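Protein chains in written order, with this note's numbering: chain F, 13 to 238; chain L, -7 to 217.
If you are wondering where the hints come from, they were derived from the structure by calculation, not from laboratory data.
What you are looking at is a predicted structure, and each value in this text was computed from that prediction instead of being measured.
There may be inaccurate statements among the hints.
[What the hints assert, rightly or not] With a Cα cut of at most 30 Å, we get these calculated DSS-like pairs of lysine-lysine: (1) F/K52 - F/K119; (2) F/K117 - L/K32; (3) L/K26 - F/K117; (4) F/K117 - L/K30; (5) F/K46 - L/K26.
[What the hints assert, rightly or not] Which residues of chain F face chain L? A partial, calculated answer using Cβ under 10 Å: (6) W20; (7) W26; (8) V32; (9) L45; (10) L55; (11) L59; (12) F89.
Think of the CB as a built atom: it goes at the ideal place given N, C-alpha and C, for glycine as much as any other residue.
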Amino acid sequence: MELIPLDWVAIGFWIGVVVVTFGISFIFFKKHLKFTEKTKNQLAFCLVFLALAIGRAILVYSDYFLTGLNLEAYETFQMIWKVATLFEMMGLGFLIIVSEYAVFKGKDYYVFIIGYTIVVIISIFIIQDFFLAQTVSVAAIGFAAFLPISYIYLAIKLPMARRNVIMLLIGFIIFGFGLLLISAGIVSLLGQENIHLLYLISAIVQIPGLLIMAISINRMYFTEKV
Amino acid sequence: MALLPLDWIAIVVWIGVVVISFGISLALFLKRLKFTEKTKIQLAFCFFFLCLGIGRAILVYADYFITELIVVEYFNNQLIWKIANFFVIVGLAFLILVSEYAVFKGKDYYVFTIGYAIVIIIAIFFIQDFYTVQNFTSAAVGFAAFIPISYIYLAIKFPMVRRNVILLLGGFLIFGAGLLLISAGLVNLLGGDVHLIYLLSAIVQIPGILIMAIAIKWLYFSEEK
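Please take these sequences and the hints and turn them into a complete structure.
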């Protein structure tokens, strides 16, 4: 059934509802919440772990109980994969925005986070073909390569925080390695028959990565001494 | 395909990943972020509008471009419907939480928010049949009936903010009427043209949201209060 002209008028109004709602949220966030830079960073880090947890919880359910780690089944359940990936990407997005601000203080017009967001939106919402969506979402992770580079830069530039920044870098690399292990490309390379083992190793690798990141973030952003 | 013993070990470790991530987030939120009560309430309202925005954006896409407002199509595409409603419902949960705190100050052990959350989790994650899911989400909205009742109570109890609370109540009722218009039960009851009902709902919701935003700004975001 084609959309009738009345529907297009309604879609216009519904877009109005969405824009008004987002607008109010944005105004409240930006103009009325008088947060310091430190509090904003703290909030972003809270949201990093929250988004990662929600995304991973959905992925555990879909990987094991919907698709059974069968690559062909992912196409059938691609909507849930996309939702979970969206949360994971949001988590990484918060991490990128904090790092980008720490390095450029907004002078680069947030080019990395904007580029990352555009690629994520295209891969999750616009592309219908599952394999293409996966490939584009990996391209989004390319923007996340900014993270370790920014940590190296900050470690060089800020000697006082160097130890914690290096710890964050190591945690991120370990966590990122765990994520990469179960990316479609690596699974294809190492063979579908090893997928069950790869998923187990990935989880085992991610836990210390997350913990190391959390400890260094706690020391850098949540401790009064810094 | 049945899960291997290795998979069950992996599932346990993955649950560890999830619990640790949630745990870190919760520890940072609750223990490290020293927000005042007012800031927490402000943040809750920000998230309320953010969640509504995300949920509605997904629903517009699902309603018009996936299901094209055909009831049968909702059965085939119930996952996207569930996700969108999940966001809208989480948004409403923030509103319930703030109202419940304003009335009871935590003395009721957040029974409305917890009841609401339990019904939602059952509806969204455990029930597969679309009609039952819809009925359950309607039951959850029943908990949201606490919101207008709490506003009436607050308007009576606090004469100084009465005008703003009544404004908030007015906005919520208009917005709620817009939401109810497109609920499955009412669409069936009213019959008629579903396309027109959806248009009317959008037209009704916009002033509702704006009135709520104005009232919330006066109540919680102005220095004078």
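Taking the numbered hints from earlier one at a time, note which ones the structure violates and give those numbers from smallest to largest.
-> Hints that this structure does not satisfy do not exist here, as all of them hold.
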